[in-house]
Amino acid sequence: MNEPTIVSFLCNWCSYEGADKAGGARLNYPANIRIVRVMCSGRVDPELVIQALKEGASGVLILGCHPGDCHYKKGNYKALRRAYLLKKTLKQLGIEEERVRLDWVAAGEGERFAEIANEMAETMKNLGPLELS
Amino acid sequence: MAERIGVYVCKCGPNIGDKVDVGTIVNKVRGIKDVAVAKSHNLLCSGDGLKFLKEEIKNEKLSRVVIAACTPKQYEVKFMRACEEAGLNPYLMQMTNIREQCAWVTPDKSAATEKAKSFVIAAINRVSLQESIEKKEIDIQPDVLVVGGGVAGLEACLSLAQKNRKVYLVEKSPCIGGLTARFEEVYPTMECAPCMIAPELQEVLQKENIETFTYSEIEEVVGSFGNFTVKVKKKARYVSEEACIGCDACFEPCPVEVSNEYDEGLSTRKAIYLPFAGSLPNVPVIDEDNCKRFKGEECSICKENCSFDAINFDDEDRIIEKDVGAIILATGSTLFDPKELPQYGYGKYDNVVTAMQLERLNASNGPTGGKIQLKNGKEPKSMAFVYCVGRKEKGYCSGICCMYSLTLAHLVKEKLPGVKMHNFYTDLCLPKKEHQKMYKEAVEKGIEFIRSGENVTVTDEGEKIIVGTNGKKISVDMVVLAPAVEPNVDTEKIAEVLDIPRDDQGFFAEEHTLMKPFATALEGVFVVGSCQGPKDIGDAVAQGGAAAGRILSKLIPGEKLELEAKVSEINEDLCSGCNICIVLCPYSAISRDTEKKISVVDETLCRGCGTCVSACPTGAARAKHFTKEQIFAEIKGVVR
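Residue numbers (the working numbering), protein chains in the order written: chain A, 6 to 138; chain B, 1143 to 1782.
Hints are computed from structural coordinates only; laboratory data are not their basis.
Small disclaimer: the values here were computed from a predicted structure and weren't measured.
Worth double-checking, as some hints may not be accurate.
Reference listing, derived: stretches of chain B covered by chain A, where coverage requires no fewer than 3 residues with Cβ under 8 Å from a Cβ of chain A [claimed, not checked]: (1) 1236–1243; (2) 1250–1260; (3) 1746–1756; (4) 1771–1780.
In silico DSS-like links for lysine-lysine, alpha-carbon gap of 27 Å or less [said to hold, decoys possible]: (5) B/1708 / B/1770; (6) B/1373 / A/79; (7) B/1778 / A/93; (8) B/1481 / A/93; (9) A/79 / B/1536; (10) B/1175 / B/1778; (11) B/1770 / B/1375; (12) B/1308 / B/1251; (13) B/1575 / A/130; (14) B/1778 / A/59; (15) A/79 / B/1215; (16) A/59 / B/1170; (17) A/79 / B/1200; (18) B/1314 / B/1375.
If you want the ones that stay clear, here's a sample from chain A, every Cβ over 12 Å from chain B, calculated [said to hold, decoys possible]: (19) 13; (20) 34; (21) 43; (22) 74; (23) 95; (24) 98; (25) 112; (26) 128; (27) 130; (28) 133; (29) 136.
Note that the Cβ used here is the ideal one computed from N, Cα and C, for glycine as well.
Model the full structure from these sequences, guided by the hints.
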């Protein structure tokens, strides 16, 4: 039953609270969604994503505030630019783009968080564990 | 010395206790290196729980603590305080969320236990690398600069001025009171504006702890919240504010006559003048662009007529430097110029005026002493109000034009009960509790409302003006345009001086539209009143008071200001001086040390987002409490 984990970097202000809301509403999502809190999605350095994959995660979720809502003004846009580049790089390394997903979850969006978590878990199930040679 | 980590797993009654096998987790983590104690507790956040935690820290001589419980959003502050009280630096505690993000979302108990265990191990990994962070406090200057002497600025000044706190009010025009001082009666109370505002103006001018600089502008601002240094340019007035008693003897003999901008061009003034009757401070100013003397002619008539030796032609602009802890911008707004839209005939037909011009015609301190008249001096028998002038062009509803137009319609009807009035509107914006009533009363008085949309044209036919819309034509004597509210021309310059952003419409941008509507991206700089967006008097005053309240609670005379602890820092030895972080920082908190050729973080401005850390190519930038090593350790724990 131990499926490969999905490391989920959640921004402190919106997405982390969104995940808390999912809990408050007792919504279910797979236990392999493992959360790491960061202050802003703009803090998610590609290095952190690669480290998560190296440590054995099958996928990485990066969740931030919706565009325009960033607590630090534009950190999420910076995350978006980085994610775009990172996905291109991963593709060149033979790693499926779908293994990294950047999305937006607001503090009140518990359902959305659970939905994204379930979708991501499903995608990873289909892709199988990441084999790094 | 070896670390002693204490791990405490909260059952939260049945909330975690029934969903996660807490005993298994405690047993599993006991064997981990440096874990000195691992225990469960029924309810750590309770009084008993906190007492237990504090005793544990002391008795077990713990150097680090992990708390596995609910979301840190709920009780992290409480647990941090408990650590502090037990003598442990609160940043050596790590909370992990096994309730909202584990027990409550994972129905299978063994899966939930496995997940919770990974969270606890991740927290143990992380806490081992956490560092003490000491509270940073800085000395502050409690004095405040307020820019703009309209209602919002006045409210801020009066709320802030107190013992041990000075307020400096800088106003660009020669008088204070803003637009409100030039209105006759204001909605929704239909109160006499000069009567309403005069006591405030006098109090501001007379209060010991408020120093007012009229005819002045801010030139330069350096520093940050708590400690700004501001350079104010006080323009030469050529009339001594100390010596002048305001007797008016100097205006009459002045040979120059120019259009008076304070009466919207409806009257003339002299080169030495007061903006309008009763304007405060009651000290005239010499307009050097129009005074003969400044054009090289020999004229000193005003000086000859002054009995108090108050006129000084050698007066010069002065730069005054002040240290303040915070800055409130209350620089107001202006009206869209209808000349930009030729279909309204403004500037072409004498009797097409703006609402502000009608305000001045109606004002007892205005050019006609309050007589509403046409260019030829006759009373108008019919009038048309055209709303939403420039709304489409500006791209927003100003939200106050319907109400100021309705106010004027009521006021005109009072003075000239026989006048026929037609209002051409697009949408009526009557949002507040008193507004509908004013509209209803206007309808009852026989004032006509025509939903024209923006399709309105103004033409002439002999002495009459024809307002046309959707095939309909109405002939009137006078047309009053209600233009949109737009930013003052100096908004751009002030934004540059302070390095604060403006919004898409050109107003100063607030930090958060709903939650921080009077703060800006630069901590310690506030925007209140209509310089932040169109606003009526009540809303402007409320914002002025709100910003003042924020400052009162933060900048307390004699006390220090606590800074954000989790900030970024830059390692001098690793920084290559590439400047990437400087460009990315949303708070301009990073600057370049030109001597060392590296970036430096101003801890008074940094809010700890960590954007600079992810962008730094050499690893010189480091986010306290969210370092790469700490996050890596946490990742290692959750991936199991």
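Quick rundown of the hints versus the structure:
1. 1236–1243: holds (count 4)
2. 1250–1260: holds (count 7)
3. 1746–1756: With 7 residues in contact (Cβ-Cβ under 8 Å with chain A), the coverage given for the segment 1746–1756 of chain B holds.
4. 1771–1780: The restraint on the segment 1771–1780 of chain B holds, since 6 of its residues have a Cβ under 8 Å from chain A and three suffice.
5. B/1708 / B/1770: holds, 14 Å
6. B/1373 / A/79: Violated. Residue 1373 of chain B to residue 79 of chain A sits at ~31 Å, over the 27 Å cutoff.
7. B/1778 / A/93: holds, 25 Å
8. B/1481 / A/93: Given that 27 Å is the threshold and the Cα spacing comes to 53 Å, the pair is violated.
9. A/79 / B/1536: Distance of about 25 Å is within 27 Å: holds.
10. B/1175 / B/1778: Roughly 15 Å separates the two Cα atoms, so the pair holds.
11. B/1770 / B/1375: violated, 48 Å
12. B/1308 / B/1251: With a Cα-Cα distance of about 63 Å, the restraint between residue 1308 of chain B and residue 1251 of chain B is violated, given a limit of 27 Å.
13. B/1575 / A/130: Distance ~57 Å between residue 1575 of chain B and residue 130 of chain A Cα, so the pair is violated.
14. B/1778 / A/59: Holds. Residue 1778 of chain B to residue 59 of chain A sits at ~10 Å (cutoff 27 Å).
15. A/79 / B/1215: holds, 23 Å
16. A/59 / B/1170: The given pair, whose Cα atoms are some 25 Å apart, holds under the 27 Å limit.
17. A/79 / B/1200: Between residue 79 of chain A and residue 1200 of chain B the Cα gap is close to 43 Å, so the pair fails against 27 Å, i.e. violated.
18. B/1314 / B/1375: With Cα atoms ~10 Å apart, residue 1314 of chain B and residue 1375 of chain B stay inside 27 Å; holds.
19. 13: violated, 9 Å
20. 34: violated, 6 Å
21. 43: It is violated; residue 43 of chain A is separated from chain B by about 6 Å at its closest Cβ, not greater than 12 Å.
22. 74: violated, 9 Å
23. 95: holds, 17 Å
24. 98: Since the minimum Cβ distance to chain B is about 19 Å, residue 98 of chain A lies beyond 12 Å and the statement holds.
25. 112: The claim is violated: residue 112 of chain A sits with its nearest Cβ about 10 Å from chain B, within 12 Å.
26. 128: holds, 17 Å
27. 130: holds, 15 Å
28. 133: holds, 16 Å
29. 136: For residue 136 of chain A, whose nearest Cβ neighbour in chain B is about 15 Å away, the distance exceeds 12 Å, so it holds.
The structure does not agree with the numbered hints 6, 8, 11, 12, 13, 17, 19, 20, 21, 22, 25 stated previously, though it agrees with the rest.
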